[in-house]
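Undergrad: Protein chains in written order, with our numbering: chain A, 6 to 317; chain B, 6 to 317; chain C, 6 to 317; chain D, 6 to 317.
A portion of the hints provided could be inaccurate.
Because identical chains cannot be distinguished in the list, a pair is counted as satisfied if it fits within a single copy or across any two copies.
Lysine-lysine pairs mimicking DSSO-like chemistry, simulated, CA-CA at most 30 Å apart [what the hints assert, rightly or not]:
hint	residue 1	residue 2
1	K303	K234
2	K178	K81
3	K178	K135
4	K286	K303
5	K286	K178
6	K17	K135
7	K81	K173
8	K81	K234
9	K17	K286
These aren't lab readings, by the way, just hints derived from the structure by calculation.
There are 4 protein chains.
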Amino acid sequence: MSLTPEQQDEIKALRVQSAPTLRAVSPGLEAILYEPMPVLDHGFVRVVDYMGDDAAIVQAARVSYGRGTRKVSDDKGLIRYLMRHFHSTPFEMCEIKYHVKLPVFVARQWIRHRTANVNEYSARYSVLDKEFYIPAPDQLAAQSSNNRQGRGDVLTGDEAAQILDLLKHDAEKTYRDYAWMLNEGEDGVAVDPERSGLARELARINLTLNTYTQWYWKTDLHNLMNFLKLRADSHAQYEIRVYADAMIQTLDAWVPYAAEAFREYRLGAVQLSATALTVVKRMLAGEAVEAGQSGLSKREWNELMVLIGRSG
Amino acid sequence: MSLTPEQQDEIKALRVQSAPTLRAVSPGLEAILYEPMPVLDHGFVRVVDYMGDDAAIVQAARVSYGRGTRKVSDDKGLIRYLMRHFHSTPFEMCEIKYHVKLPVFVARQWIRHRTANVNEYSARYSVLDKEFYIPAPDQLAAQSSNNRQGRGDVLTGDEAAQILDLLKHDAEKTYRDYAWMLNEGEDGVAVDPERSGLARELARINLTLNTYTQWYWKTDLHNLMNFLKLRADSHAQYEIRVYADAMIQTLDAWVPYAAEAFREYRLGAVQLSATALTVVKRMLAGEAVEAGQSGLSKREWNELMVLIGRSG
Amino acid sequence: MSLTPEQQDEIKALRVQSAPTLRAVSPGLEAILYEPMPVLDHGFVRVVDYMGDDAAIVQAARVSYGRGTRKVSDDKGLIRYLMRHFHSTPFEMCEIKYHVKLPVFVARQWIRHRTANVNEYSARYSVLDKEFYIPAPDQLAAQSSNNRQGRGDVLTGDEAAQILDLLKHDAEKTYRDYAWMLNEGEDGVAVDPERSGLARELARINLTLNTYTQWYWKTDLHNLMNFLKLRADSHAQYEIRVYADAMIQTLDAWVPYAAEAFREYRLGAVQLSATALTVVKRMLAGEAVEAGQSGLSKREWNELMVLIGRSG
Amino acid sequence: MSLTPEQQDEIKALRVQSAPTLRAVSPGLEAILYEPMPVLDHGFVRVVDYMGDDAAIVQAARVSYGRGTRKVSDDKGLIRYLMRHFHSTPFEMCEIKYHVKLPVFVARQWIRHRTANVNEYSARYSVLDKEFYIPAPDQLAAQSSNNRQGRGDVLTGDEAAQILDLLKHDAEKTYRDYAWMLNEGEDGVAVDPERSGLARELARINLTLNTYTQWYWKTDLHNLMNFLKLRADSHAQYEIRVYADAMIQTLDAWVPYAAEAFREYRLGAVQLSATALTVVKRMLAGEAVEAGQSGLSKREWNELMVLIGRSG
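Bound conformation, chain A alone (with noise of 0.2 Å):
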């Protein structure tokens, strides 16, 4: 993780300047506050700003159903609930910003999720930091045979090796090759008098897409989950799952109910098809079911053997 000292001493800064309010607060975001959590090489993700918690989720549920609600016990309790009926409007009264350091093949995923506000570093304006992403070792795997998005085997010896050699140093040449065009020294003078440097713009069409950016994303607690719940999943690539991952962890601090209710209905939970569940009743039912007269084809049969444990 890279953060100048600059921004360290900010964060520092910030972590000592407490200040009353009359908001709802969160004592697990604040203990986490403007800390970044490392992520891939040179990345982090860390949360600037939230609003609400779960108490809020309460507030807006109550608001809407009235006295309708008196009879749920606790607020636990009415979480779990609204969760579970895809209730989603309470959660959207959450709000959470985050500051996010990544690299660029990981934002082209990111920014696809459009129900929520993007502030992006603009190479158009400033000069891009010498920081790109090399996979770790383990992380170097081969085509997938069987999912034609996925990873196979980790590679290993030469072919490894030689991979690596070649990421770093094409990162390298064409960062070299954009900092010899823009021909910018530290402070805005030319570093070779005799030439005129490549507008911004321009000269950063010849970095790589493992070249990393920051941006502050800002969402609402439902949208929040609907990200995680994409790209947290096994078969989101390994890249933005490790930030879905560290996100996990800042909702866990920021509301605890939600994201327990998270866990049981959408992260672990599982949807069974029309056909898929005329199955399960059937063999409940104690009827020796068999893929042919399943009425699944062989793939979703196969998927539901794994889900209900009966394979292999």
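Mind docking chains B, C and D on chain A? Use the hints.
TA: For chains B, C and D alone, kept in the frame of chain A given last:
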């Protein structure tokens, strides 16, 4: 304004429950947090939570533009610059949550702003209170003769009296029948044990559009300003404009720099069409432009003359 | 269903105005285009435009996955695969526009789906027709005793008759007063020349929530299915469910493969929570799991038993 | 522009497959449907589907304003009125879908417009073609001296030649290494049977930001115009502006009235701040206003002078 005693007690309790936070704090909003501002005869608007302040806008801009923003001398200048050039994402970094009590017909206009989160009181779950909006005498106006959707002269005398009487009488009658159909006593016991009572989700359809509802409404600063620009405009219906006016006060308290820039570059700003700009340039060059030679329609010409102070 | 003679003529005219296009054409939708499907006592829903078909979903998926999709044997299989794995963006490539006539209280539920475009009839500009929803006798039900927002037994006898009478009488009375306050004749001339008449934007507040309004509502296929999943559900209020049911017929006509997959993986599918999945696995392994040892709340246990066909 | 022979054949086939439809048809768009318009060195933009036309905008407005719109004499006038008064919902009733081939760094700017549907070619699933953007010599410019994000003078001579050479060389080198790491032959068989090859989702991180990608991009007319207003602006980066310019041609072909109104009230229109308006009024009243007494900052004063044709 009608707050229940429980709500008033809750507000008092929240107003003394101060806790330390490391987050950005807006002193202006803390001073009015939770306090309802009366609007119309029974409505109110109050801020119940917020995230960010003027500095958060600046911080987001600086992450975007990096070293590029160093030259702008101060926060106030940068915020004005961002507003002037329609940079919207830094303003999206601030979030605010309101609790609003408002008539149903106002809620129907309000909800058309889709970029917001809403939790409304549900009349499927709970019984609505007997509260409806009756215009003040100085708001009881005839249809405008030159604006299809506006108001003209204030009504007076018998007609005004009769209308007020009808509005009150009809709202009371339909509410009384609503309550009768529900047949629900205070404690959930039937008022008339001989009757089953009608389901809440059906009984409510008998209420008039001036019945009060309430909701939590949460949005970001950028979208809040879009809402205020449209709804504080003189063409907006009076009954929603008064809510927008109250909310502009909360904007002033929350983000004073942004609020000032909003007045300068949004509320008080005007647009000139391509042709109108040509007309203004010709006039400034000393030409005596006439309507017929302006290239503008008669209506646009008249509007331009009003705008530049040349009408009658 | 109440279409004016002008509207009926317009539909007839549009139904014969065929023109050649190079775009994808859905034969199923062409067959019903513009034709209103009656819903409730005066409402309707009709498709007035659309874009794309099953092939457009496939085309979008293939641009995303490139050569990766070649192996999937056919369009139908690919669409099922996309639906099953919650790939939403290919479904967003199809768009549909409806013209809907519906009571205001239904419109208020409907509008909560924000990812859609809406143009509603404005009662600020124009006078509303005298049409309001009165439930059919078999829909006049008491409050459910075990569901805060549902209906229970159908009302009968005197109570039913009295309620229907009240609903009709109140709607007619408030409409009559609305018309009186407006004081507008057919040709815009005052009915009573002695009175100014009340502005339309104010007079309308006297109408009841069962008054009919109408709108154009446009959304993409992915968001349409989200809407239908929620609103065709048995927990949705009957008066919006009948619109969803009618719209599912348009889905069948438009994109038959996607519609079939929608039934299999959305409408008829169920979710098992992490704990419920464990219970099902234990049962399938032959264990006699009991409620107390299941880890589920009593309510969730009961729901699961119903789901898997083991309830009493 | 690089279309594969298969794509060219597909376009030819689609261009002759006419079918009758009852929907609104735009003759202008039918004439160019599917046909790619070349942009940059290898990119293109082409319309692949659409919904609605000028009449659809009018139809939506008339459902909103009912009898209120009868007075407006014609469709063209009503569309201008709607555009002038920032009525956005009628324009949302039209939808368009583009197929775009564009460099990754352009895609990164483009995707910031969130109100659109996107299906992008996935380099996790498939191998990217060897195509990258190299600026034409007249676009190879130095950093602007007075605009942090703009371009200044065009580079010439040795520096230009060296830069072009670097850009080409680096893109080719990184692509060659990408292909080597993939180790994938035409038919999916390994090029070098001794090596496993790197997973596609990892190998792609070695590519430079000028690599071409492609996507389907679908949006409504209102949001399309927002996009075009920002991206056809002289402050937009040249490489995205050329796409916006091409798309404005499709706007002209699709909805000629809306396109004309767009030029008059959006593209060619200007905003005056509250203070700038005061300055203009004073000038028109004959006062010799000077910068110091204007209430405007020096920068805003200069911009205003340019706007009204009074600069130097």
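Undergrad: With reference to the structure, classify each hint as holding or not holding.
TA: Here is what the structure says about each hint:
Proximity of K303 to K234 under the C-alpha cut-off of 30 Å is found in both arrangements, the shortest distances being 26 Å within a copy and 27 Å between copies. Within a single copy, K178 and K81 get their C-alpha atoms no closer than 54 Å, and across copies no closer than 41 Å, so neither meets the 30 Å cut-off. Taking the closest pair of Cα atoms, K178 and K135 come within 30 Å of each other both inside a single copy (11 Å) and across two copies (19 Å). Proximity of K286 and K303 under a CA criterion of 30 Å is satisfied in both settings, with 19 Å inside one chain copy and 21 Å between copies.
Taking CA atoms no more than 30 Å apart as the test, K286 paired with K178 passes in neither setting, with 61 Å inside one copy and 53 Å between copies. Taking CA atoms no more than 30 Å apart as the test, K17 paired with K135 passes inside one copy only; the shortest distance there is 25 Å, against 47 Å between copies. In the homo-oligomer, the alpha carbons of K81 and K173 never lie at most 30 Å apart, since the shortest distance is 49 Å inside one protomer and 43 Å across protomers. For the homomeric pair K81 and K234, the shortest alpha-carbon distances inside one copy (21 Å) and between copies (27 Å) are both at most 30 Å.
In this assembly of identical chains, K17 and K286 lie within 30 Å of each other by CA distance neither inside one copy nor across copies; the values are 58 Å within and 50 Å between.
The structure does not agree with the numbered hints 2, 5, 7 and 9 stated previously, though it agrees with the rest.
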